[in-house]
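Number of protein chains: 2
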Amino acid sequence: MTDKAPWVTYRPELKVLDCTIRDGGLVNNSHFSDDFVRAVYDTCVQAGLDYMEIGYKNSPRLFPESEYGPWRRCDEEDMRRVVGDHDPVATGLKLTAMADAGKSDWKTQITPAKDSVLDVIRVACYVHQIPEAVDMIQHAHEQGYEATVNLMAISIVQEVEILQALEVFVETPATTIVVVDSFGALYREQVDNLVGTYLAAMEGTGKHVGIHAHNNQQLAFANTIEAIIQGANRADASMAGIGRGAGNCAMELLIGFLRNPKFKLRPILRLLQDEMLKLREEIEWGPSVPYNLTGQLNRHPREAIKVREGSDPDNYVAFYDQQVRDI
Amino acid sequence: MTDKAPWVTYRPELKVLDCTIRDGGLVNNSHFSDDFVRAVYDTCVQAGLDYMEIGYKNSPRLFPESEYGPWRRCDEEDMRRVVGDHDPVATGLKLTAMADAGKSDWKTQITPAKDSVLDVIRVACYVHQIPEAVDMIQHAHEQGYEATVNLMAISIVQEVEILQALEVFVETPATTIVVVDSFGALYREQVDNLVGTYLAAMEGTGKHVGIHAHNNQQLAFANTIEAIIQGANRADASMAGIGRGAGNCAMELLIGFLRNPKFKLRPILRLLQDEMLKLREEIEWGPSVPYNLTGQLNRHPREAIKVREGSDPDNYVAFYDQQVRDI
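Heads up: the protein sequence lines correspond to chains S and V, in order.
Position in the first sequence counted from 1, then plus 1461, gives you my numbering.
Position in the second sequence counted from 1, then plus 1461, gives you my numbering.
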């Protein structure tokens, strides 16, 4: 038991973000009904969660209404249809949206915070997109938002580049830098190393380290609590673990683990029972064998997604052979 | 990265045990067909696994043929029908059976090893059954078997009792003492503590520490590799994670993690595809919400099993309320 996480108490500064609509939207082109988004919102409020990510602020050119639901763009009127005038103080919940470098018309899509129900813009980028990400952080900050950054796919980035990226992000107004295991490839010791590296880079800045894990190897929850134990103060999770491919850390597991009495499990169970079971009949997520394999191989899950959506989703041997040949 | 598990190499002394038929038999009263058991056996051989646990050596009085399949008793003729004369040297695979203290007629059921296809008897007991377990270990040893011991449900045993149990077991001929998380309740730091405690108690004896994890909180694989990293040299897993309630560590994840080239993933994937998917249509296992909850509460999964087998398996809120009331 480390000093950082005494077993029988809790860290008040640890905050939980629900990414059900945002990451889950990668499974269904963000076609969630208003009722569903409202149910998630109500659940987040009742469960005492700190942030709800209601979708992406990504480009209507790349993600047109004809193919993608409103939660891929998060126009103000769409969000307000569900959350009304949303009061972050009364609810205890801040709303966030993610903007992807290279996929967002952020200069026009991210408008002044005073006119938005959003409190936080989470900028996501790959390592080659850092300059744009820095501009996006700066822009969001100037518009009055809290800005954070998710550097994605770090399991395939060399440490020297991660260190350089951290040096750059530390100089921005970003309040949180998130360790993102996009491929669900990281094991515990690697999570330790990365969280330690991020924390060291941010020492004395007042910035926080976050964790966003994927469940390809059934390690999303384990890696999330590991990051928390090591000092990460921002944790992402989703209802029933919904998210692209193998999904994310399950909120019901994370809240069952955390000891802060402000978090309530019961409303989350209600949502699982009333909404998530129905959704599971329509769309698939979770750590099936093809995702296990891409996680083990530290690869993007796109090939596994293709197989799971195809006509022979359980031909594990054929998928394995193809993946091995492709090395 | 610790010295104990350098990332890019492997520990030759680390051995893997498949408990598909034994622990999986708790889901279906050990009613596996001979063909299925043979498929698992062939897979274990092809995958280079070290041990296959083919069932329980438990009492025919308590587990009669009218209700329980042969793998609850493992009579010699039943095993031989599937594995013939089984050659552990030629196959590289040793066969094991588990005998439960309090449930086994071990004096008559465990007969000389020279006449059996079994190489290993794994004795399982709760903390109040240690004296009988010691006698069972001694008996199995005298009959010519390697004997090991699984002290169950240690997440509800006080450390002082665990230490006393270890002192006792160290004096027996048991070659391995297994850390058993029967309720799927342990978190990583607890696994570290327990494996460290077990290793310290066995220092200099040549005995090994094992790990047997349950997946109630999706932590079976994480806790298994954690125990390995800390120095456990015996790891239990099962095909597709089959096992009582939430199941065990999935073999396909464990073998994907281990770096010893003698282990082969492909035959395991073949079994998952050809056999385990069919089985999933007949019986249920895996970490659904009721198992999450009993794991979080550090309780025996029996209430969760009852709910999952009942008429309202997805009434998570009612189950939660009942569990909370019962505290």
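Simulated from the structure, these hints should not be mistaken for laboratory data.
The structure presented is a predicted model; accordingly, all values stated were derived computationally and were not measured.
Even for Gly, the Cβ is constructed at its ideal location relative to N, Cα and C.
Misleading hints may appear alongside valid ones.
[Unchecked claim] Computed beta-carbon distance windows for the label pairs: (1) V/Glu1770 - S/Glu1770: 50 to 56 Å; (2) S/Asn1654 - V/Pro1521: 51 to 57 Å; (3) S/Thr1572 - V/Asp1782: 43 to 49 Å; (4) V/Ser1772 - S/Glu1593: 37 to 43 Å.
To see whether the hints hold, each was checked on the structure:
1. V/Glu1770 - S/Glu1770: 50 to 56 Å: violated, 32 Å
2. S/Asn1654 - V/Pro1521: 51 to 57 Å: holds, 53 Å
3. S/Thr1572 - V/Asp1782: 43 to 49 Å: About 44 Å separates the Cβ atoms of S/Thr1572 and V/Asp1782, which means 43 to 49 Å holds.
4. V/Ser1772 - S/Glu1593: 37 to 43 Å: 55 Å Cβ-Cβ, so the 37 to 43 Å window is violated.
The earlier numbered hints that this structure contradicts are 1, 4.
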